[in-house]
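Colleague: Sequence:
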Amino acid sequence: MKSQDRLAIVAFALARTGFCAYRAATQSLTHDEAFSYNNYIGGGWNRIYPFAYDANHHVLYSILAKLSVHVFRTSEFTVRLPSVVAGFFLVAGIYYVLVDAVSSRAVRWTTLIALSLHPLLLDFSVAARGYGLSLALLVWAIHAFLRNHDLLAGILLGLSISANVTVVVPAAGLVLCPFLLRSGDSEKRIQSCLTIAFAATGVALAICYEPMRKVSANNFYVGTPGLLDSVLNLVYSSFRSSLTRAGLFGTPQAASYVQRFLLPVIAIFVWGRLLAYGRLAPRLAPLVMLSTSILGLLAGHYAIGLNYPIDRLGMYLVLLFGISWAIAVSAGKSALVRWANAALAALLIVQFATQLHTRYFLLWKSDVALKQIARLLVDETSKPADKPPPNSVNVSATWYLQPTLEFYRTYYRIAALQPVKRTEPTPLEGFDFYVLDTAGDKTIAPDAVQRLIPLYKDPVSEVLLAKAR
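When we follow our numbering, the leftmost residue of the sequence shown carries the number 121, and every step to the right adds one.
It should be emphasised that the hints constitute simulated quantities derived from the structure, not laboratory data.
Certain hints may be false.
[What the hints assert, rightly or not] Pairs of lysine-lysine residues, derived as DSS-like cross-links and limited to a Cα-Cα distance of at most 30 Å, are as follows:
#: 1; residue 1: K562; residue 2: K541
#: 2; residue 1: K507; residue 2: K453
#: 3; residue 1: K587; residue 2: K507
#: 4; residue 1: K587; residue 2: K485
#: 5; residue 1: K587; residue 2: K577
#: 6; residue 1: K577; residue 2: K562
#: 7; residue 1: K453; residue 2: K503
#: 8; residue 1: K491; residue 2: K503
#: 9; residue 1: K562; residue 2: K485
#: 10; residue 1: K334; residue 2: K491
#: 11; residue 1: K562; residue 2: K503
#: 12; residue 1: K507; residue 2: K491
#: 13; residue 1: K507; residue 2: K541
#: 14; residue 1: K562; residue 2: K507
#: 15; residue 1: K541; residue 2: K587
#: 16; residue 1: K453; residue 2: K491
#: 17; residue 1: K562; residue 2: K491
#: 18; residue 1: K491; residue 2: K577
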């Protein structure tokens, strides 16, 4: 790699990381982030290994976030810091894999820019979840494999699984890659597979054995039973992260068109081009991992009823597909094919750029104003004229707003507030304040809301802060 490319990739990764860091510091914490903090990250180290498994608990991420808040004190930024740092290494790792697998410099940079701006990959380089960290470790595991560092590849793979267990699906594909893609003695290739497998298993078990020994298929409930619904969801969530700007492809109709027509054409091109490549080579590892992931998801669905992935659960498919597409384009000799793919990639980059913003995560849009609402509760409970005594004010909240409100109750040290408890259906009487998702909470009767005194309603999420009359 040329020195100017190294400087360019560092500068690009730093610019993206700066954008993510700003979002991490300013955006309200979301339900899933706050739930993880309240149950695993905050408090003592014994919380890392709870009595029951929860798919919300990304063990390696929780460990790193706990270290972050211990060293730098608790804030939105410190809870999210492992994701922000992982985002830098994700970008660098993608580029190094592309250097190993793609001959065209233009294709490498086009792919890198597109994947770096991808809405899901960008969001989870901010959110305090294990998905972005897991992908960063996964791409570096691929890079280690491509450089014949099998033990390191296995260690990184185990860390990736520890950050988010769903990565076990593409991880199985990487374990098979030495045997399928390398030439030479079959015994040595099998030995390489076992080296990666045992290293990954050992690291993952060392970190996650305690919670994972209590796992069952019922813990992995998020997703959809329909394969086409899964694909459509991944397409739409790849194109849309802004509530106000659809861009070129960010409507349900456009996403459906891409799913039914454009995506199959690209898939046929990718697999057809690489099958026509004539020989297997290690550089095809992303395609092997993508193929085994698809087969694994189909097998898991039909064998034990696992749902197909949606949005964040399918990000590894997006990443592997993007890299495989780049390899296929680079392997071709036709200038016309390259220009056609370049035009399509440029449209995708434009689409991703239209979705850039710094205020919320579309997946958790109901949480966008909870930081502001918590500050309003600080003001309401600290007025000198009628300041309530400690632990005397109670708040009713839509159940999925409860974790974030409880986080901010302790973060802002709102002494007057009692702990915010989860209740279903949402109580609309007997409380001092109410934080209600008027758009999404179907248990709220409009006439009951009219009996409250509104204090603030967020125009984006339609979450209402009100008090009793």
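Colleague: Tell me if the straight-line CA distance from K491 to K503 falls inside 30 Å.
Modeller: holds (19 Å)
Colleague: Need the status of pair K562, K541: alpha-carbon distance at most 30 Å?
Modeller: Holds, at roughly 19 Å.
Colleague: Hinted pair, alpha-carbon criterion (30 Å max): K507, K491. Please report holds or violated.
Modeller: holds (21 Å)
Colleague: Does K541 pair with K587 here, judged by a C-alpha cut-off of 30 Å?
Modeller: holds (17 Å)
Colleague: Taking only the CA atoms, is the gap from K507 to K453 under or equal to 30 Å?
Modeller: Roughly 75 Å between the alpha carbons, so the hint for K507 and K453 is violated.
Colleague: With the threshold set at 30 Å, check whether the alpha-carbon distance from K577 to K562 stays at or below it.
Modeller: Distance of about 17 Å is within 30 Å: holds.
Colleague: Is it true that the CA of K587 sits at most 30 Å from the CA of K485?
Modeller: holds (23 Å)
Colleague: Are the Cα positions of K334 and K491 separated by 30 Å at most?
Modeller: Roughly 35 Å separates the two Cα atoms, so the pair is violated.
Colleague: Is the straight-line distance between the alpha-carbon of K453 and that of K491 30 Å or less?
Modeller: Judged against 30 Å, a Cα distance of about 53 Å means the pair is violated.
Colleague: Hint check: K562 vs K507, CA-CA at most 30 Å. Holds or violated?
Modeller: Violated - the C-alpha atoms of K507 and K562 are around 34 Å apart, more than 30 Å.
Colleague: CA of K507 to CA of K541, is that 30 Å or under?
Modeller: holds (22 Å)
Colleague: Taken at face value, is the distance from the CA of K503 to the CA of K453 at most 30 Å?
Modeller: Violated - the C-alpha atoms of K503 and K453 are around 72 Å apart, more than 30 Å.
The structure is inconsistent with the numbered hints 2, 7, 10, 11, 14, 16, although it conforms to all the rest.
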